Amino acid sequence: MNSILESPSPVRTDENRLPLVQAQGVRKSYGQLQVLKGIDLQVDAGQVMCLLGPSGSGKSTFLRCINHLERIDGGRINFDGELIGYAQRNGKLHEMKPREVARQRRGIGMVFQRFNLFPHLTALENIIAAPIGIKRIPKAQAIAQAHELLEQVGLGDKATLHPAKLSGGQQQRVAIARALAMEPKLMLFDEPTSALDPELVGDVLDVMQKLAASGMTMIVVTHEIGFARNVADEVVFMDGGVVVESGSPAEVLGNPSHERTRAFLENVI
Amino acid sequence: MAGNSTVHRRPAPGAIVAAEPGAHDIVAVPLRHPGRWVLASLILLALLGVGTSLWQNPNIDHPTIAKYLFSDRIVAGAVLTVALTIITMVLSTILGIVLALMRLSANPVLNSVAWLYVWIFRGTPLLVQIVFWGYLGLLYKQLSLGVPFTDFTVFTVDTNALIPAFVAGVIALTTNQAAYTAEIVRAGMLSVDQGQKEACYSLGMTPLFTLFKVELPQAMRVIIPPMGNETISMLKDTALLSLIAVAELYTVAARISSQNLHQVELLIVVSIWYLALTSILSVPQYYLERHYGRGSRTLGPTPIGRAVALAHRVRRSQEGNRS
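Same order as they appear, the protein sequences are chains A and B.
One point on numbering: in the working numbering, the residue at position 97 of the first sequence is 130, and numbering is uninterrupted.
One point on numbering: in the working numbering, the residue at position 316 of the second sequence is 317, and numbering is uninterrupted.
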């Protein structure tokens with residue numbers, strides 16, 4: 034397998050920019066509470082987008098809609114030329130079967146705030162479970178790939194340990210390796226460092242920064258303003274289920290045009 | 002520590018020693034627990050009293066116990082009891098898992114059927130269910146396979162030919178146990194963190210793969226301890242099948258005592274057997290709990306591992322003494 038974290042960065046010219054993810058008017062409600070009120074966003078291949086905003090702004094929910102962990106009530110999300118979660122036939126949307134949704138999700142990796150490693154499996158077994166069981170990769174090949182990924186996230190010596198024996202930062206890096214083992218085209222990060230002790234945050238952010246430099250398309254929900262400033266191509270500020278403003282880190286973080294963005298940034302930094 | 006002339010003495014065994022170097026060693030007399038000795042003596046005395054009264058009871062014919070404990074009929078009954086326990090536990094666990102998954106599924110039909118099943122089989126006495134299955138021949142003289150409400154049938158057999166007492170017993174115990182197992186499995190499945198399922202789905206795993214690779218193995222940690230209890234209960238509940246004349250341990254003993262009138266002696270014989278069998282059952286439970294507990298806590302050595310370690314220590318200390 035080509036090293037995901039160390040492959041040379043693809044040239045990002047405007048010619049080969051394809052919208053890998055395209056969200057149009059995405060709406061989502063929990064009962065009476067509308068958490069997404071029409072989100073329009075576009076992420077090009079190779080781009081890193083950071084979603085910022087206060088808790089309850091809908092950024093995590095939007096992220097979970099992209100791989101259909103949440104069903105959307107309105108609008109649509111396209112990923113890699115396909116509608117997520119629905120098939121369009123004769124002008125009508127048909128809900129996909131779980132098996133079809135599972136196939137779509139294979140192209141989208143996700144990293145969770147609470148890591149969600151499988152506690153009954155070792156670090157290595159966590160990584161190879163899906164490649165062997167779902168992608169039907171030969172076991173030896175999957176193991177070799179897993180060792181390589183663990184090496185790349187700096188945990189080459191932890192392969193045989195169960196998650197309970199790893200620190201939070203180590204668990205999150207195993208979780209990143211696990212998602213990368215499926216060789217996704219897009220990586221979703223849902224507050225990946227929020228549950229970590231402050232001194233462990235850096236290791237995880239380093240891995241993410243390397244991943245971004247390798248050309249991976251990433252959507253990152255985070256409160257790490259420094260990471261957004263250094264790594265993101267586009268920063269999106271959400272509040273109350275809508276996109277308040279978006280643009281380059283310099284624009285949104287350096288010179289926010291909305292009062293709400295400014296107030297949020299003052300509180301966070 | 003120049004000038005310190007104190008001779009460093011080894012502390013007495015069991016004494017608490019302060020870890021700091023240079024600190025004065027604490028040589029304390031361990032706290033005594035005289036109450037424990039008094040209590041233990043009293044209980045031992047009571048047990049001894051009960052034991053001798055049983056042993057010297059002229060109404061108990063001890064040679065009869067010895068004669069029947071390993072007699073062919075009793076051993077055959079015990080074998081059937083073990084076979085019944087294994088067969089019913091395997092079948093009921095499979096059925097129980099299916100019922101639990103039906104209860105947890107989003108399909109309202111499956112959900113309701115599973116609920117109804119548990120309601121009926123947990124809500125009526127096992128004894129009644131056993132007699133019911135044993136008397137199925139009274140309810141339906143013949144059983145046939147065909148299309149309901151038409152005359153089309155594939156085959157028809159006599160109920161009593163298809164369902165002998167042993168099969169009726171297995172059906173009764175299996176169907177009843179499955180209702181309890183279903184609830185245990187359901188509780189186990191609900192104990193698995195919701196984030197596990199999300200992680201699986203985000204990796205592109207199908208619901209079925211998620212179930213077998215991630216959810217059930219983690220649920221097992223919660224399921225195994227109560228299932229050990231259920232197995233022990235089942236071993237003893239097989240005695241109820243004496244009602245429909247399945248020749249298991251208790252039935253055999255009852256038949257023998259009805260001929261030789263040594264009821265109490267044969268009850269002691271079967272009690273010894275049940276106690277021995279349930280004791281043996283706790284061994285696999287211990288190892289299953291260890292297996293499914295991996296990753297969730299630090300595992301100490303097994304009793305066998307401890308014994309091996311002890312042997313090593315003893316040998317090493319002997320070698321130390323010799324040199």
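Calculated from the structure, these hints are not laboratory results.
This one's a predicted model, so the numbers in the text were calculated from it and none came from an experiment.
Hints are not guaranteed to be accurate.
[Claimed, not checked] Simulated pairs of lysine-lysine, DSS-like, Cα-Cα distance not exceeding 30 angstroms:
1) B:K214 - B:K237
2) A:K130 - B:K198
3) A:K218 - B:K214
4) A:K168 - B:K68
5) A:K198 - B:K68
6) A:K218 - B:K198
7) A:K172 - A:K125
8) A:K70 - A:K125
[Said to hold, decoys possible] Going by beta-carbon spacing under 10 angstroms, a handful of chain A positions derived as facing chain B:
9) N123
10) H127
11) P131
12) R132
13) R138
14) R147
15) L154
16) L157
[Stated by the list, open to error] Residues of chain A placed beyond 12 angstroms of chain B at every Cβ, according to the derived structure:
17) E158
18) A177
19) D223
20) G280
Glycine included, each C-beta is placed from N, C-alpha and C at the ideal position.
How the hints compare with the structure:
1. B:K214 - B:K237: violated (34 angstroms)
2. A:K130 - B:K198: holds (17 angstroms)
3. A:K218 - B:K214: holds (25 angstroms)
4. A:K168 - B:K68: Roughly 64 angstroms between the alpha carbons, so the hint for K168 (chain A) and K68 (chain B) is violated.
5. A:K198 - B:K68: violated (57 angstroms)
6. A:K218 - B:K198: holds (22 angstroms)
7. A:K172 - A:K125: Distance of about 41 angstroms is beyond 30 angstroms: violated.
8. A:K70 - A:K125: Distance ~22 angstroms between K70 (chain A) and K125 (chain A) Cα, so the pair holds.
9. N123: At 26 angstroms from the nearest chain B Cβ, N123 (chain A) fails the 10 angstroms test, so the hint is violated.
10. H127: Violated - the Cβ of H127 (chain A) stays beyond 10 angstroms from chain B, reaching only about 18 angstroms at its closest.
11. P131: holds (5 angstroms)
12. R132: holds (6 angstroms)
13. R138: holds (4 angstroms)
14. R147: holds (5 angstroms)
15. L154: This interface hint holds because 7 angstroms falls under the 10 angstroms limit.
16. L157: This interface hint is violated because 13 angstroms lies over the 10 angstroms limit.
17. E158: violated (10 angstroms)
18. A177: Given that every Cβ of chain B is farther than 12 angstroms from that of A177 (chain A), nearest at about 19 angstroms, it holds.
19. D223: violated (10 angstroms)
20. G280: holds (29 angstroms)
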